[in-house]
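Chains A and B are the protein sequences, given in the same order. The first sequence begins at 1 in the working numbering and counts up one residue at a time. The second sequence begins at 244 in the working numbering and counts up one residue at a time.
Hints were generated in silico from the structure; no laboratory data involved. Cβ coordinates follow ideal geometry from the N, Cα and C atoms, glycine included. One or more of the hints may lead you astray.
Claimed, not checked - Covered stretches of chain B (chain A as the covering partner; in silico rule of three or more C-beta atoms under 8 Å from a C-beta of chain A):
#, segment
1, 281 to 293
2, 299 to 309
Stated by the list, open to error - Within a straight-line C-alpha distance of at most 25 Å, the following computed PhoX-like cross-link-like pairs (lysine-lysine) qualify:
#, chain 1, residue 1, chain 2, residue 2
3, A, 181, B, 267
4, A, 5, A, 192
5, A, 5, B, 267
6, A, 241, A, 201
7, A, 158, A, 181
8, A, 11, B, 267
9, B, 312, A, 181
10, A, 5, B, 312
11, B, 267, B, 246
12, A, 232, A, 192
13, A, 5, B, 246
14, A, 181, B, 246
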Amino acid sequence: MAVFKRTPILKDQLTHYCPGCGHGIAHRLVAEVIDELGIRERTIGTAPVGCAVLLYNYFNCDVIECAHGRSPAVATGIKRVQPDKIVFTYQGDGDLAAIGTAETIHAANRGENITVIFVNNAIYGMTGGQMAPTTMLGQVTTTTQHGRGGQGEGPPIKVCELLSTLGGVCYLERTAVSTPKDVMNAKRAIKKAFQNQIDGKGFSLVEVLSMCPTDWKLSPAQSVDFVNEKMKPVFPLGVYKDQ
Amino acid sequence: MTKIRFETHRCKGCGLCVLFCPRKNLRLSDSLNEQGLSYPEEIDPDGCTGCGLCFRMCPDTAIEVQSPKKDNQDKQ
Ligand SMILES: Cc1ncc(C[n+]2csc(CCOP(=O)(O)OP(=O)(O)O)c2C)c(N)n1
Ligand code: SF4
Ligand code: SF4
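The shape of chain A in the complex, shown without the other chains (with noise of 0.2 Å):
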C-alpha cells in the first residue's frame, strides 16, 4: 500500500506561505526526511530570517531562530558543543548569500559538519520582492525596476559554484521544486546531506530552486515555469561537489 500523507513532523498547522510558494514543498522534504532516517530527537533547526522565519512554528524539532544570515555561525557553536545532535540550517537567498555571505563561506571553509537548505526564489520575498544576490540579469525587481544589470549590480551570484571551491566543503547540489521529478531529486538530496553529517563527513549543502508567486508578481502555474524555464538556465541543476 503506498501512502503518501504528511509527515509526524510536520506539525498540523497551516503556513503562512502565500499560495504556490516552494517554501512548503521544502518544508515537507526536510521534515520526511528527518522521520526517515529516525532523528527526530536529535535534530536541532535553525530558521532564518526570511520568509521562513517562523520555520519553528511547523516542524515538531527543536529550532532556534537566528539574526539574518547567522545560521551557519549558530549550527556551528550548537554542532560543536554538542557534536551528537543533527543540526540544519534552512536560508533563503538574501540569508544566505547577502547579508550571511560571511558566515556561509567560512563555515563552509571550515567544514562544519552541519547540513544547510538553501531555497533560491532569486528575489528578497519575506521585504516585497527587493533584488536578491541570486536575481538574474534582467529580472525586474522592485529595486530594479528596469531589470537586474543596468546600473551596476553585477551578475546573480552562484552559491554551489562559489563553494565548490573551497577545500572544507563535502557535498553541494543544486536542485528544484517546480516539477515532481525535481521533487523526489531534492528529497535523494537532502538525505544525502543529512546522511553526510550522520557519517561525520562534514559541510554539505542542497540548494533549491523555489517558486515566489507573489514577489515574481505570476500565478503558481507560471511561477513553475519561470523556475523551469528562466532559472535552470543560470542556476544548472546538479552535484557541484561529493567528496
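Once you've looked at the hints, dock chain B with the ligands against the given chain A.
Just chain B with the ligands now, with coordinates in the frame of chain A:
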C-alpha cells in the same frame, strides 16, 4: 482501491495539483473553503491512479493519497 482525500481547509487554491495530475483528473472547486479559496476535487471518482504527483507538488500537505498499487516511491 485508490483513495484520495483533500484536507480542504488547508488548501490555498494554488492549483499545482491540477496542473501536474497526469490524468487531468483534478479541478478547482466552485465552492470555497474556510479561507475563501477554491480547493481541488476529483473529476472522475475512478480516474485516479494513485501516482501521488499531486501530493508531491502540494506546498500545503493538503492531499493524502492511498493506493494499493505501488510502494511509496518517495521513500529512498
Ligand atoms: C539585520 C536585518 N537586516 C535586514 C532585514 C530585513 N529583511 C528581512 S527578510 C530579508 C530578506 C529575505 O530574503 P530571503 O533570504 O531571500 O528569503 P525569502 O523571504 O525570499 O524566503 C531582509 C533583507 C532584517 N530583518 N534584519
Ligand atoms: S513572498 Fe514569496 S517566498 Fe514569501 S511566502 Fe510568498 S511566495 Fe513564498
Ligand atoms: S494521485 Fe496522481 S492521478 Fe490521482 S489525483 Fe493525484 S496526481 Fe492525479
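(request) Hints the structure violates: just list their numbers, smallest first. (result) 1 and 8
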